[in-house]
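S.K.: Sequence:
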Amino acid sequence: MTTESQQINNKEMTGTVVSSDMDKTVRVAVDRFEKHPKYLKYVRKQNQFLAHDEDEQAEVGDTVTIQETKPISKHKTFRVISVDN
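Each residue of the sequence shown is one higher than the one before, starting from 167 at the first, in my numbering.
Please keep in mind that the hints were generated in silico from the structure rather than gathered at the bench. It should be emphasised that the depicted structure is a prediction, and the values quoted were computed from it without experimental measurement. Hints are supplied without guarantee of correctness; some may be wrong.
Derived pair list, reagent style SDA-like, types lysine to any residue, alpha-carbon separation capped at 25 Å [to be verified]:
(1) LYS242 <-> PHE215
(2) LYS177 <-> LYS240
(3) LYS242 <-> THR180
(4) LYS240 <-> ASP197
(5) LYS242 <-> GLN214
(6) LYS236 <-> THR191
(7) LYS236 <-> MET188
(8) LYS236 <-> LEU216
(9) LYS177 <-> LYS190
(10) LYS211 <-> ARG245
(11) LYS236 <-> GLN212
(12) LYS242 <-> LEU216
(13) LYS190 <-> SER248
(14) LYS190 <-> GLU222
Using C-beta positions, here's what the derived DEER-type ranges look like [said to hold, decoys possible]:
(15) LYS207 <-> PRO237: 33 to 39 Å
(16) ASN213 <-> LYS190: 18 to 24 Å
(17) LEU206 <-> PRO237: 35 to 41 Å
(18) PRO237 <-> PRO203: 32 to 38 Å
(19) SER239 <-> TYR205: 36 to 42 Å
(20) LYS201 <-> VAL249: 30 to 36 Å
(21) GLU178 <-> TYR205: 26 to 32 Å
For each residue, glycine too, the CB sits at the ideal point set by N, CA and C.
When you get a sec, could you build the whole thing from the sequences and use the hints?
M.R.: Below you can see the structure in the form of structure tokens.
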């Protein structure tokens, strides 16, 4: 094995903060559009993820970018990279 730094492909997603009631944690809703196989219409699907917000700077309604990371707790596997108001 080489000692060169290896690039890790972590998922980055953009979503809207739905809840920020927890300490250093926000719930982020991420929307995606999928084409229905039979009706060929685009359908909106939404997933919600818990993300670690160390500085507690994200508030409800903010658009944030989250990145996948090693598990922080049982349900948190993302962290907030940037907050776009």
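S.K.: Enumerate the violated hints, using their earlier numbering and listing them in ascending order.
M.R.: none
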